[in-house]
Structure formats: structure tokens, C-alpha cells
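A.B. asks: Chain by chain, the residues:
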Amino acid sequence: MTQISQVGAAPAPSGERVSFEPAEAGGPPATPGDKAVTGFSHTVLIIWSIMVILPLIWVLMSSFKTSSEIFASPFALPAHWSFVNYVNAWTTAGIGSFFVNSVIVVVCALILTMLFGSMSAYVLARFSFPGNRALYYLMLAGLTFPIFLAIVPLFFVLRGIGLLNTLPGLILTYAAFAFPFTVFFLYAFFRSLSKSIAEAAAVDGAGEWRIFFQIMLPMAKPGLATVAILNFVGLWNQFLLPIALNTNPDNYVLTQAMASFASQAGYSVDFGALFAAVVITVVPVLIIYLIFQRQLQGSVSAGTNK
Amino acid sequence: MTTTASGELATPVSAPPGGLRRIGSARWRRRNLTFDKISFFVVFLIIPVAFYIAFVVSPFVQAVYFSLTDWTGFTPAMNFIGLSNYAKLFTDSTFLQAMGNNILMAIVVPIVTLGLAMFFATLVTVGGSTRGNIRGLRSSSFYRVISFFPYVIPAIVIGLIWSQIYDPSAGLLNGILTRLGLEQFTSFAWLGDPRTARWAVMFVIIWGLVGFYMVLFIAAIKGVPAEVFEAARIDGAGRFRTAISITIPLIRENVQTAFIYIGILALDAFVYMAALEPGGGPNNTTLVMAQQLFTTAFTKGQFGYACAMGVVLAVITLAYAGLVFLVNRIFGGKSEVGE
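In order, the protein sequences belong to chains A and B. So in our numbering, the last one in the first sequence is 306, and the numbering has no gaps at all. So in our numbering, the last one in the second sequence is 1339, and the numbering has no gaps at all.
Derived by calculation from the structure, the hints in this document are not laboratory data. Take these hints with a grain of salt, some might be off.
Said to hold, decoys possible - Listing some non-contacts, in silico: residues in chain B with all C-beta distances to chain A over 10 angstroms:
id : residue
1  : Ile1047
2  : Thr1091
3  : Gly1115
4  : Arg1179
5  : Phe1188
As the list claims (entries may be wrong) - Which stretches of chain B does chain A cover? Using the computed rule of at least three CB atoms under 8 angstroms from a CB of chain A, they are:
id : region
6  : 1060–1070
7  : 1093–1101
8  : 1181–1187
9  : 1205–1216
10 : 1242–1250
11 : 1292–1303
Quantities reported herein were computed from a predicted structural model and do not represent experimental measurements. Quick reminder that beta carbons are idealized off the backbone N, C-alpha and C, glycines included.
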């Protein structure tokens, strides 16, 4: 659990055990063998970094080219650095409105699942009652079974309540499928929190509601931040649920809009706009990632190192 | 009603119906059922769990039932046909091919991805000097940040980017290869040739995931006390030896979790295929079960049959997870290197 407690407070470069951080200048002189290993390590990692970065740079460059330039040569720089492709992607392909749909769906689902998830995790972690274990295993089952098993009945559940092809339907489904992970993660977190403060509050006459919202929830902030970040990335990238349950083109979220745009582009061949749409999709997330990368990487390790 | 010193009920038989006990605090009493408590449990547990059951658990259960029917969804007629769907499934050569593709991917993708991730994580954490403290590489955070990029790009977009890179005439890959003088690749269709399609697709998945697991392993290795590494070094273990005999056993729980996550992903792989090979690839060499399920359900409307595919997919997923646990148990279990 130590990883978790570091997360919210921007984990400082690990000072406590050993510094695995870069060697400072002025350390003991490196042996020739060390130099060889270090050189080898850098070479391998630089090659890998190039393999990661190069495709992204190529996409960025291609997003400024016309379709004929794209077909002429994969390397040549665009003749004019114009934003025509971006305008086309934003307006004709409607990437802007799908972006808004994605934000609405993900934010609402995130709030819902964080609220429900933290409440249920708290009850499961702090109270014992008949069926507690059973509920815990029910959550585990929801985490393990593939969504594909549920997708057909889910389609008819949503149709039955009239929410098929609507954003609220998608929000509820997103929230429900993020729920078991949220509970599972926060369950461990609430168990690790000290009980004495809650008990002191109970002695002082605070009700269960107050204990949760005024004492336990603030104490759980680091855990909540971690789960929220992981859920955000997961839901933002969700693809199967929208293409199965949300087939009205006006309500498309970004991921499915990208897929449908690409399959259309295959015929009408506006590859420039496709590249621009990819850039529009990737850049905001990439900027957020660069700002929060420490927290995000901390979350990843906390989320899986339990 | 007798209670123990800790306030727990000593005889469960005497617990009140639906008895709720605070763990380790004052025992539950009937007169504690205030409005505050009742509303608390209704809102905190019953409503969220009911919601979860309605949207997640019940579809899972219904799917198992539907798989035993010939239901086509839009008509009320739903005849119970027992295991016929499953019998049909195991003679359906397309589905069996998809299953084979999935199983190949569930073997190759985890091993290559986690192997690379572990290799990079080891280089980053212990690639530095062997004198003094165990050190990581200079600018290791740079590599970490870059490698992690693909994790924040939606998988569908990763697929779209790579389908352009693999493009036979205008793609980056063939551009580079021809520039290097390999003229035979001038318009080679990586995704259209049955010999290369599945490897090209797997490469994309691996490209997208290595950074994520690398970060995970780096965090795990950093959690190992430095004394362990120092002791190994004093005992004369080289870097390679240390990685194999010390690092991996110490973080084996993380490796196990990683194997399960990535295996589940490889058994799905739907998103990547939707972008790279929506039609199943040349001679169906990249067709996956999930694609077949999706087409069967939402294009052909054979919902009962599609649910049977879902059940098979779920069983294979669980079997895979069980296999990972089993392998981990066989190869040393918990206590090879005590912490």
C-alpha cells in the first residue's frame, strides 16, 4: 500500500531506499565494463524511443499535407503549412462535436462511478454483514469476465429502458462497467485507513453519512485520485460499448467517430483530414499526460502493485 | 446476548436478522437502526449494487441463458435448443480459426511485450555504474515518459495510425525500407499478405503496450530494497544473473498480474482489429473471436449463437487466468527469495 499513499502528493523521486535516479556527476569513476553496459542501455532505449516517437511525428507532418502529397512520398515535407486539413476534420468530419460528446459521457460516468464506487467500497471494507464476501466476489467476477459476454444482453437491457443510442444510456453503462474496478481498488484503500478517527467521530455523535463525507472521503483522496485517473483513461479509450450501444451518428463519441471517419476516408480519400483528426484526438490527451505524467505513472503502479 | 471483550458477537446465532456489525467497534443493537443508518445502507450499498447487477451481472447471466436458445433478438420467438449452439460452434471453421488466432496472440503478445518491458525496465533501473550505490541510467525519466506515450492514445487511434504506416504505397514503413534499398518492399501490403498480416497486427499491440508494463515493472523494481541488489553484487552476481535470479522472482506477483491483464487484452484485441483488419485479414488470418461475435450478433442478428461465442470467450479467458496462476505456482510460488 505504500505506493498508493505516495500518489496524490506527487511522489518525490524516491530518496528513501536507493536512488535509482540518474547518477550524479562526481560519483565513483565507472569501469570500462560499466561504460559498455551504460552505452548499450542507452542505445537500446534510444532505438525504442525513436520507434515510439517516429510514427507520431510522421502523423503530425502528414496532417499538414494534401492527399496527393501524402501519396507522392511518405517523407517529403508539405509544400504549404496550412491548417486546411484541421478545418476539414473539425467541421466536415464533425470531430469537434464528437469530442464534446466524449467529454460529457466520460465526465458524467466518472462522477457516477466514483460516487457509487467509493460508497460501496467503504461499506464493504468497514462493515461486516451477511453477504459481504459474496458481494466482493461479485465485483471480482465483473472485473474478470469479458465485456463481450455481456454485450448482446446489454443491448436489449438498454433498449428495454429506452436508453439505447442515447448519451445517458452510454453514461450508465460506462459507469456500471467501471464500478467493479473502482470498488475493488478503493476497498483495499479504505481497509488500509485507520479506524480510530472514524470511531472518535462516532463517539462524538457523527452519523454514518457525516463520517463518510466529512472524514473518510477526505482521507481517501490519494486513492480516489488514482482510481479517477485510471478510470478516465479507460473510459476515454472505450470503443466496444459505444459501437454496440450507441449507433446514432449524432451521439458518436470520439473513438467511434474516428473509426467511422477512417472507414469513410478509405473511399473518399481525404487522408490529410484523417491525419489531422488523429492529431486533434491525441494532442489534448498528450498535453494532459505530460502535465500529470508523474501522477499517472504513479497511479499505474499503485493500481497494479497491490 | 453474550459478547466478547472486543465487542464482537460471540454467538452468531443470536445476531439479529440482517444483523450489521461495525467491525471492532460498538456492537450492533436493534435500537441503532436509526434513519441515518438505514438510509446510509440503502444509498451506499443497495442502490449502487442494484445498479451494478442490472447493468453488469444480469447481462452476464442472461448471455449464458441466451446461448442455449435460437433467439434472433427482434422476434419474441426464443426456443430452448440446449447445447446445439455450442455443437455448431465447434464445427464452425471460421470461428475455430478465430479461436486459434486468439490463442496464438495470447501466447505471443504477453511473452514478447512483457519480455521487452522487463528488459527495458532492467536497463533503466540498474544500467548505471556498478561502483557505489546501485544506479539507474541518466535521463531514465525521459525514456519512461516517451515509452508511456502510447498508453494515453486510444487503441483505436493507434490502430488507425499504424494502418497508415503499413500502407503499401504511401506508408512510412515501406518508405523507410525502400530508402534503405530493399526494393522488394516498394508496395508490399503488410496487412494484406497472409504471411505477414498477423505479425504486423501483433506488433502494433506490442508497440502500444510495452511502455505501460515497463513503467509498472520499474515501479516494482524500485520497491525492492536496495540491500538485496547490493548483497547479490557482493556475492559476485552480474547484472544478467541479478535480473534473472533476483529481480524477477522478487516481483513475480507483479509479473503475474501483468500476464493476466495483457492476456485478457490479447484474447479480446477487438479494437486493434477494428482499425487494422476490419474484415478479418487475408484468409481470415487475423480474425478474432470478438469480431466474429460482433458480426454474428449485430450484422446477422443471430443473438443466441453470438452469446454462445461470448461464453466460449469467457471460458477461455478464465482458463488463461487459471493457467497463469498455475504456472506461477509451479515455478516456485511465493517464497523463492524471502523479502
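A.B. asks: What hints, given by number in increasing order, does this structure fail?
C.D. replies: 1, 4, 7, 8 and 10
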